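Below, each chain spelled out in residue letters.
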Amino acid sequence: MKALVAVKRVVDANVKVRVKPDNSAVDLTNVKMSINPFCEIAVEEAVRLKEKGTVSEIVVVSIGPKEAQEQIRSAMALGADRGILVESSEDLGALEVAKILKGVVEQEQPQLILLGKQAIDDDSNQVGQMLAALLNAGQATFASEVKVDGDKVQVTREIDGGLQTVELALPAIITTDLRLNEPRYAALPNIMKARKKPLDVKAPADFGVNATTKLKTIKVEPPAERKAGVQVKSVDELVEKLKNEAKVI
Amino acid sequence: MSILVIAEHDNKTLNGATLNVVAAAQEIGGDVTVLVAGSGAQAVADAAAKVSGVSKVLLADSPAYANQLAENVAALVADLAKDYKYVLAPSTTTGKNILPRVAALLDVSMITDIIAVESANTFKRPIYAGNAIATVQSDENIIVGTVRGTAFDAVAADGGSASVEAVAEAKDANLSKFVSEEIVKSERPELTAARIVVSGGRGVGSGDNYHTVLDPLADKLGAAQGASRAAVDAGFVPNDMQVGQTGKIVAPDLYIAVGISGAIQHLAGMKDSKVIVAINKDEEAPINAVADYWLVGDLNTVVPELVSKL
Numbered sequence: 001m002k003a004l005v006a007v008k009r010v011v012d013a014n015v016k017v018r019v020k021p022d023n024s025a026v027d028l029t030n031v032k033m034s035i036n037p038f039c040e041i042a043v044e045e046a047v048r049l050k051e052k053g054t055v056s057e058i059v060v061v062s063i064g065p066k067e068a069q070e071q072i073r074s075a076m077a078l079g080a081d082r083g084i085l086v087e088s089s090e091d092l093g094a095l096e097v098a099k100i101l102k103g104v105v106e107q108e109q110p111q112l113i114l115l116g117k118q119a120i121d122d123d124s125n126q127v128g129q130m131l132a133a134l135l136n137a138g139q140a141t142f143a144s145e146v147k148v149d150g151d152k153v154q155v156t157r158e159i160d161g162g163l164q165t166v167e168l169a170l171p172a173i174i175t176t177d178l179r180l181n182e183p184r185y186a187a188l189p190n191i192m193k194a195r196k197k198p199l200d201v202k203a204p205a206d207f208g209v210n211a212t213t214k215l216k217t218i219k220v221e222p223p224a225e226r227k228a229g230v231q232v233k234s235v236d237e238l239v240e241k242l243k244n245e246a247k248v249i
Numbered sequence: 001m002s003i004l005v006i007a008e009h010d011n012k013t014l015n016g017a018t019l020n021v022v023a024a025a026q027e028i029g030g031d032v033t034v035l036v037a038g039s040g041a042q043a044v045a046d047a048a049a050k051v052s053g054v055s056k057v058l059l060a061d062s063p064a065y066a067n068q069l070a071e072n073v074a075a076l077v078a079d080l081a082k083d084y085k086y087v088l089a090p091s092t093t094t095g096k097n098i099l100p101r102v103a104a105l106l107d108v109s110m111i112t113d114i115i116a117v118e119s120a121n122t123f124k125r126p127i128y129a130g131n132a133i134a135t136v137q138s139d140e141n142i143i144v145g146t147v148r149g150t151a152f153d154a155v156a157a158d159g160g161s162a163s164v165e166a167v168a169e170a171k172d173a174n175l176s177k178f179v180s181e182e183i184v185k186s187e188r189p190e191l192t193a194a195r196i197v198v199s200g201g202r203g204v205g206s207g208d209n210y211h212t213v214l215d216p217l218a219d220k221l222g223a224a225q226g227a228s229r230a231a232v233d234a235g236f237v238p239n240d241m242q243v244g245q246t247g248k249i250v251a252p253d254l255y256i257a258v259g260i261s262g263a264i265q266h267l268a269g270m271k272d273s274k275v276i277v278a279i280n281k282d283e284e285a286p287i288n289a290v291a292d293y294w295l296v297g298d299l300n301t302v303v304p305e306l307v308s309k310l
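For the protein sequence lines, the chains are A and B, in the order given.
Residues 1 to 249 (this note's numbering) are what the first sequence spells out, left to right.
Residues 1 to 310 (this note's numbering) are what the second sequence spells out, left to right.
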């Protein structure tokens, strides 16, 4: 079966971001960009399913600026077979991204659609669920285990308080949690090979999607600073402060 | 303006997170209806009817809603939503699973993790692991959003006297099936709702040591226990105890971080706590920059001493 994996280009997880002085956005000039960690886990899961013989072809799709080709190549170096970039310089909302992905799914007809549970830049946690709704397909979010069995898939989900297992008919949408797997490192020969794999470039309009969102970001600010704390010298002093100054115990 | 709040529950008791969402709804202002979608959930609907500020409770009782499967519940909510201006749910795993599906069915954008209500259509939400706060304005006809519970003080669970109305129609979308559930049993308070949280990191050294050192402290304080991602990845404790951007977001009165360095990812989950205490042997640990009180020392001697003096 064919698997489609969506990946997003985001600020590297280890970068401490700064808000622009005009409060319009976060400053992304000269900041290291990477594949979103949850998306990387989705790619790894697809590659493992291919290694098991469950999946025969992995198509990776990214929606974003021209530079997102780098992230598609990274996914190919991990084992994806070909790529699609839907190029857009606009700041797309989750609904618009889901609508474009719907167009890609209808064109490619994959049985399994894998996404990360959230992007670490907008922290929305929406696209997979929206895509499932638009396709009228089953969804398994926050997956920590995926088992494909014929035309069904069993997914264990991380929920508040523990785990839940659901069964979905294929085609289905799965969004990955951190515990699903440990992504591999791309080996140099695979990075070289990835350069030769096919990559199609499309536009949102090719899927009939209008890229404007009705959700406007009107301001971005740094969070409130906490006031500086004090170092206590002993356990006695700590207990005294918690009881009499902070009054929390 | 009318607001539909999706209740969080386990078919028996109403989860406290719902009370925080009702508080956010009251800040927006308007008539608050609570939807209880479940199976055998009359007791939950009765509890919701007593919640202060709720004017009506809708009970959709059907086996199709027993396990909160997104495919079934989202179809129901989208159907009901057409009579409302707002649809809100808590930012729990259930709320985050269902609500984006509702929004897409309604063809509207959604707002995740609302932390402040600025006006009827303008809200604040954290982005980049809480390192920036975005103010967003929605021009949609129906505003759909999840609410971060720790950002709003819960309304009273009693004092209200709403009517309970049954929602007749129930459909099983037949796209998914519940198989099983594994809930971690704990005597301790729930992590996201606890007044005091004791968390351990890589510094505690092992799973055994985590329990030897931190259990007595949590017991003494009646605290919930948490952990950093490093402690979870090292296998010290199960992953539902993880506090951080990818784990749970907590904002207790007192957060005690033991052997936690304070990576960006962890701070995203706890830096809104009222009082933060750090116990760490490293004087330069980033956690000290957000701590109100920090003590440099070996946790294996400091924590037992703290227990004995409480």
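Since the hints were derived computationally from the structure, they do not count as laboratory data.
All figures in this text were calculated on a predicted structure; none of them were measured in a lab.
Built from N, CA and C at the ideal position, the CB exists for glycine as well.
One or more of the hints may lead you astray.
Computed from the model, here is a short list of chain B residues facing chain A with C-beta under 10 Å [unchecked claim]:
no., residue
1, Ser2
2, Gly130
3, Thr135
4, Ser138
5, Ser163
6, Phe178
7, Asn288
8, Tyr293
In silico contact screen, one side only, chain B against chain A (beta carbon under 7 Å); selected entries [claimed, not checked]:
no., residue
9, Met1
10, Lys96
11, Arg101
12, Leu105
13, Tyr128
14, Val164
Structure-based check of each hint:
With a least beta-carbon distance of about 20 Å to chain A, the hint placing serine 2 of chain B at the interface is violated under the 10 Å criterion. Against a cut-off of 10 Å between C-beta atoms, the interface hint on glycine 130 of chain B holds, since the closest Cβ of chain A lies about 6 Å away. Annotation: threonine 135 of chain B was flagged as interfacial toward chain A, and the flag holds, the nearest CB pair being 4 Å apart, inside 10 Å. Of the supplied interface hints, the one on serine 138 of chain B holds, with its beta-carbon coming within about 5 Å of a beta-carbon of chain A, less than 10 Å.
Annotation: interface hint on serine 163 of chain B violated; nearest CB of chain A at approximately 30 Å, more than 10 Å. Below 10 Å, beta-carbon pairs count as interface contacts, and phenylalanine 178 of chain B has one with chain A at about 6 Å; its hint therefore holds. With its C-beta approaching chain A no nearer than about 7 Å, asparagine 288 of chain B sits inside the 10 Å limit, and its interface hint holds. At its closest, the beta carbon of tyrosine 293 of chain B sits 5 Å from a beta carbon of chain A; the interface hint therefore holds under the 10 Å criterion.
Proximity of methionine 1 of chain B to chain A is violated relative to the hint, the smallest CB-CB distance being about 18 Å (cut-off 7 Å). With its C-beta approaching chain A no nearer than about 5 Å, lysine 96 of chain B sits inside the 7 Å limit, and its interface hint holds. Given the 7 Å rule on beta carbons, the hint for arginine 101 of chain B holds: about 4 Å separates it from the nearest Cβ of chain A. Among the interface hints, the one on leucine 105 of chain B holds; its C-beta lies about 5 Å from the nearest C-beta in chain A, closer than the 7 Å criterion.
A least Cβ separation of about 5 Å between tyrosine 128 of chain B and chain A falls short of the 7 Å threshold, and the interface hint therefore holds. Contact between valine 164 of chain B and chain A, as hinted, is not supported at the beta carbon level, the nearest pair being about 26 Å apart and thus beyond 7 Å.
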